[in-house]
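Novice: Quick mapping for you: the protein sequence lines, in order, are chains H, C and U.
Position 531 of the first sequence, counting from 1, maps to 531 under this note's numbering, and the rest follow consecutively.
Position 38 of the second sequence, counting from 1, maps to 38 under this note's numbering, and the rest follow consecutively.
Position 232 of the third sequence, counting from 1, maps to 232 under this note's numbering, and the rest follow consecutively.
None of these hints come from the bench; they were simulated from the model.
We treat Cβ as the ideally placed atom computed from N, Cα and C, and that holds for glycine.
Be careful, since some hints might not be right.
Okay, derived cross-link-like pairs now, DSS-like style, lysine-lysine, Cα gap no bigger than 25 Å in a straight line [said to hold, decoys possible]: (1) Lys347/U x Lys361/H; (2) Lys513/H x Lys205/H; (3) Lys80/U x Lys441/H; (4) Lys39/H x Lys513/H; (5) Lys315/U x Lys347/U; (6) Lys39/H x Lys361/H; (7) Lys513/H x Lys553/H; (8) Lys561/H x Lys361/H; (9) Lys553/H x Lys80/U; (10) Lys205/H x Lys510/H; (11) Lys80/U x Lys175/U; (12) Lys50/C x Lys347/U.
Partner residues aside, some chain U positions facing chain H, computed with beta carbon under 10 Å [as the list claims (entries may be wrong)]: (13) Val55; (14) Ile108; (15) Ala191.
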Amino acid sequence: MADQALPIRGTLDLTPAQSKRDGMLEILHDWITTVDHKKLGILYILYAILFLLVGGAEALFIRIQLAFPNNHFMSPQVYNRFFTMHGTTMVFLMGMPAIFGFANYLVPLMIGARDMAFPRLNAFSFWMTAFGGLFIYYSFLGGSGLYGVGNAPDVGWFAYAPLTARAFSPGNATDYWAVGLIASGFGTIGSGINIVATIFSMRCKGMTLMRMPLFVWLNLTVSALVLITITPLTAAQIMLCIDRYLGGHFFDTQAGGSAVVWMHFFWIFGHPEVYVLVLPAFAIANEIIPVFSRKAIFGYPAMVTASVGIAFISLSVWAHHMFTVGMTSASNAFFTLSTMLVGIPTGIKIFNWLATMWGGKIRFATPMLFMTAFLFQFLIAGLTGIMLSVSPWDWQLHNSYFVVAHFHYVLVGAILTAIFGGLYFWFPKVTGRMMDERLGKINFWLFLIGFHLTFDVMHIPGILGMPRSIYTYEANRGWGTLNLIVSIGAAIQGIAVLIFAYNMVISLFKGEKAGNDPWDAWTLEWACSSPPPSYNFATEPVVISRRPLWDLKHPEDPDWKYE
Amino acid sequence: MSAVPIIPDAPQEQPWHLPSRGRVAMYCLILGESAIFIIFVVAYVFYIGKSLTGPTPQQVLEIPIFNSICLFSSSVTIMLAERHIEHNRIKQFGLWWAATIVLGLIFLIGTGAEWYKLIYKDGLTISTNLFGTTFYSLVGLHASHVIVGLIGLSLVLAFTITGHVNEKHSERIQILALYWHFVDAIWVVVFTVVYILGR
Amino acid sequence: MLLERHRAKRVTALLFALAAFILPRAYASGPQATPSIFAPDSTPAIGIYGLSLFVLQITGAIFLVVAGLLTYVIIRYRVKNNDDGREPAQIYGSTQVELAWTVIPILIVVVLFLTTARMIFAIQDAPRPTTALDVSVVGHQFWWEFRYPQQGIVAANELHVPVSSTGQPNPTYMKLLSADVDHSFWVPQLAGKTDLIPNHVNEMWIDPLHTGLYVGQCAQFCGTEHAKMLLRVYVDSPDQFAAWVKNQQLPAVQDPAVAAGRHVFETQACMNCHTIRGTVGTGHFGPDLTHLMSRDTLASGAALNNPQNLRQWIKDPDSFKPGSLMPAMQLNDEQLDQLTAYLATLK
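Whenever a hint applies, use it, and build me the whole structure from the sequences.
Specialist: Given below as C-alpha cells:
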C-alpha cells in the first residue's frame, strides 16, 4: 500500500475538499449545466450503465425466446426490434459512452491538465450523445409515424439496404435509427476532436508524447480513429435519409443504385468501430496490469507502435464482413491478408502484457481478476477472429452463431470485462470510497461462469448451421439444448451485472474510505485527492518520466534514469 | 501559475511548447469532414453513368468557370487578410475579409442559379435519377459548408466593423481561415469529379 | 488456485466438446438433420472443411502456448503470503524478445494466408464443366424461386439437383438474384453461403455426393420472417431427377372434378400473385403453384404440405408464418374446401 508519508498531497493538492450542502434542485442544475470533465465523465459512465441494463434486458428477452425451438414468447416483429435495438444500444449507447466516460474523466488527470481543451464542446458532445440515444428509444413510443405501422427499428444493427428503403421499411422506425445515430455521431465527433486537442495541447510540463501513460496514447489513437470512422457512418446515414425523405436513389436497387455500396460504407465505419471500442479496453489493461504486477509496462514503445498500427490496419479490413457478397477472388484474398495482419500487433500486445506480469508480484484484487479474464478471453476472441479471416471458412461461418459468439467474445469478454475492471480500479478515485471487494469477487466469478456458459457454447450452434437474427428455429435441427445452455448463462450474467450495479450503489455510501492512492499506482490521477477537486491540480505538475509517482515513491531508483 | 515540480532534484528540461488547441481541433475537424466528403465523392464516382434514365451530365451540366474562379480567389483574399491582421492593420484586414465574403456569396449565388436552371429548365431533381441524387447531395454538401463558412466569416466582419477585432485575435482568425481554405480545397475535388471526370 | 483449475477444466471441456461435435460428423456421409459445416458432402464444403481443420490446429496450438504461458505466470508470480513488500525488479523491455514475438506471428500469417488464398481460388474460380446444370435462384421475402433455364422449369422452395460422384462430376451452377432485399443461400453441408443481392448477380456451385435431403436456410436478415425462409435441397439419382424434370415440365393437371376450386383460384386475388400454368393465373409475387403437390412443405418449409395445412395456410397464413406477405384471403368455408381440393390435385 501507498506510503502516506510521501509528499503527494503537499505538492499537488493544496486545498482540502470542501463539503457543500445544496438542495436537490441546485445539485441537479449543477450536473446539467456542468462543463467539468470529471462530472461529464461520470455522466457518460452512468448513461452507459443505464443502457447496459436496458440492452442487457433486451438480450435476456432474446435469450428467453431462443431457449426453446418454435417458442412463442415473442412475435417475430418484436424479436426483430429487440435484436436491432440490442445491437444498436450496446455499440452506440453503451460502448461508445463508456469509453468516452473513461477518456473524459482520466485523460486530463493523467496528463496533468485542469480540464479538457474545450469544456463547453465537451458538454455539448455529451448532451448530443444523450439526445441521440433517447431519441432512438423514443421510437418505441412514437415510431408508428403517419403510416400507422412499424415501431422501434427492426432492420438489424447494420441495416442492410434495401431493407431500409421506404418500400420495405414503411413508417418512421428506420428514420429514428438513422437520425438518432447522426445526432449521437455529432456528439462522438465532438468528443473525438476534444480529446485529440486536449492530448496535444493541454499536457503539463515535461509530459512529452513518449512519456504519456499508455492509456492516453490509446485514447489519442481511438479519438483520431473516431474522426475518420464515425464520419463515413454519418455520411451514409445522410444518404439513407436523402433516399427516405427526398426520394434519392443511393441505395435504390430499382433505379440502378447498389445495395453493396451501403455495405461498404457501413463496414468502413463498422470495422474500425470495433477497434474504437477495443483499444480503450487495451488502455484500461495497460494501466491496471502494471500496477497489480508491480512492474513497469514491458516494451512501452512497442505498445505505442502496435496500438497506432492496429488503428491503421483496421482501416483496410472492412470487407472481411463481406466475403459472402460475391467479391472477386482477388479482393477476398486481399481482405483475408489485411485481416490476418491485425493479428500481429495484437499478438505483440498480448505478449507484452504477459511479459509485464512475468517476474512481477501479482496481486489479485478485483480489477486484476477482471484483467486476467480479459487476457484469456481476448486471446480466444482473437483466435476465432483468425478463423473468420480465412475467407472460405467465413463463407460457412459468416452470419452464423459462430460469428455472434466471436464478436460477443470481443465485446463482452474483452471490452465489457475490461470496463468492469476499470470501474473497480478507478471507482475509489471518482468517489473517494472503495468498492466492496467481497461483492466484487462474487460479481467477477458469476460473470465469468455466465460468460463462458453463454459464449463458449454459442460457437457450436453456428458450426451446426444456425444463422443469426432468426426469431425461432426448427426442433429437429439439434440446436435446442445448446441454446438452452446459452440462455441459462445469459441469466447468470444478468445476475452478475445486477450485483455490480448494487455494489456500486452500496459502496458509494458505505464503502471503505479510499485515500488518494489506494492501489499504490503511478500515474498522475493518483496524486490528486479522491475525488479530485474541480480544478484537478492546485499547482501545475511537472513530470520527467512515464511514471511520475514511481519516481516520487522511489527516489533511489527513479524511472527517468532508464527511459 | 506557478509550476511546482514533483521531484525537486530532477534534471532541468527544455522549454515547453504545445500546439494551439484551436489549430489542433480545426485540423481534426478537417480530417473528419474530409472523410465525409470522401464517402460522397466515392458514391458520386461509383454511380457515374449508372443512371437508368436521363438527363445525363453531358446534356445538362455547364462548367461553372466564373464561379470557381471566385471561390479559388477567395482563398487568396483571405490569405491577404490574415497577413494584415498579423500586423494589426485592421482596416486592410476588414477590406480583404469583406472581399472574401463577397466572393463566397457570388459562388453561392452562382450555384443557386445553376440549380435553378437544372431544376426548372432541365427537369433534374434529386429524385430524378442517380445522377440527380449524387449531384445535388455532393454539390449541396459542399454548398452547405460554404454557407457555414460564410456565417463564420460574417461574424468576424461584424466584430471588425464594430471595432472588436485586433492583433490578438489573429490566431483565431487564422484558424477560421483554415476552414475556408479547406472549403476551397474541397471544391477542387468536387469540381474535378463532377464537371471534368463525370461529364 | 481456483482460477487455474477453472482454466484447465475449461480447456479440457472445450476439447471434449470439439471432439464430440466434429469427429462423429466428420466421417458421416450423406445428408443430416443437423446441417453441420463439419459434415461436408460436396466439393466446396469438403475443401473448406479441410482448410478449417488446418486453421483449427494452428490456432489451437497458439492457444495452448499462450494460455499455458499466462497460466504459468499467474501461478508462478502471484504475490506470496510471506512477501517482503519490496517492489520487484523493473524491466522496461527487450528488443530481442519483442522482435521474436513479432517475427513468429508474421511467419504464421504467411502460412495461413497462402493456404487460404489457394482455397479461395480453388473454389471461387473453379472451371465450369460444360455438362453442369444451371439454376437461377431468386430470393423473395420470404421464399425461394428456382428457375431451370435449360429445362424451362420454375420451382419454389425445394431445389432438386442431380447427384455427383467423384468419377462423374455433375455440378449445379447457381446464379443468385434477388427480387427485393438481401438474402443468403446457405446449405452448410454443400457449400459456404453466398448472398442474393438485388441488382447484383452472384454465382456459386455445388456437387452433392449423396442422394437425399440437405437442409439450410436464408442467412442474411431479410425482414420479419427471415427465420422461416428455410431451404431444402433434394439430391436425386439421375433417374429420379429426370423423372422430376419431366413432371415439372408438364402443364397443371386439369381435373373436372375440382373445377369449382379452379374457379375460385381464377376469380379471387390468388391469380395476381401465383402462376398455375394452363390457367389465367400468371402472377410472380408468390411461388409457382403448377406442381404444388410435388413439394413436401408449404411456405418455404414452415409447414408440411398436406391438405389440412394447405387449407389452414390459405385461411390464415399468419398461423404458420406471422408476417409473411401472403394475405389472409377471407374466403368462406365452402370456397376454402373447393380451393384446397383443387390445389391438392396439382401433382
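Novice: Compare the structure with each hint and give your call.
Specialist: Here is what the structure says about each hint:
For the given pair, Lys347/U sits about 77 Å from Lys361/H by alpha-carbon distance, which is inconsistent with the 25 Å threshold. Note on Lys513/H and Lys205/H: the hinted pairing is violated, with a Cα-Cα distance of about 31 Å set against a maximum of 25 Å. Among the hinted pairs, Lys80/U with Lys441/H is consistent with the structure: their alpha-carbon atoms are about 19 Å apart, no more than 25 Å. Note on Lys39/H and Lys513/H: the hinted pairing holds, with a Cα-Cα distance of about 20 Å set against a maximum of 25 Å.
At roughly 21 Å between alpha-carbon atoms, Lys315/U and Lys347/U fall within 25 Å of each other, so this suggested pair holds. For a cut-off of 25 Å, the pair hint linking Lys39/H to Lys361/H is broken: about 35 Å separates their Cα positions. Taken as a hint, the Lys513/H and Lys553/H pair is honoured in the structure, with Cα atoms around 22 Å apart against an allowance of 25 Å. Under the criterion of a C-alpha separation no larger than 25 Å, the hint pairing Lys561/H with Lys361/H is consistent with the structure, at around 23 Å.
As the CA atoms of Lys553/H and Lys80/U are separated by approximately 22 Å, the hinted pair is consistent with the 25 Å bound. Between Lys205/H and Lys510/H the CA atoms are separated by roughly 38 Å; this puts the pair beyond 25 Å, and the hint is violated. Proximity of Lys80/U to Lys175/U is assessed by CA-CA distance (about 66 Å); at most 25 Å being required, the pair is judged violated. Distance check on the hinted pair: Lys50/C and Lys347/U sit about 45 Å apart at the alpha-carbon level, beyond 25 Å; violated.
Of the supplied interface hints, the one on Val55/U holds, with its beta-carbon coming within about 5 Å of a beta-carbon of chain H, less than 10 Å. With a cut of 10 Å, the hint placing Ile108/U at the interface with chain H holds, because the nearest CB-to-CB distance is about 8 Å. This hint holds: Ala191/U has a C-beta 7 Å from the nearest C-beta of chain H, less than the 10 Å allowed.
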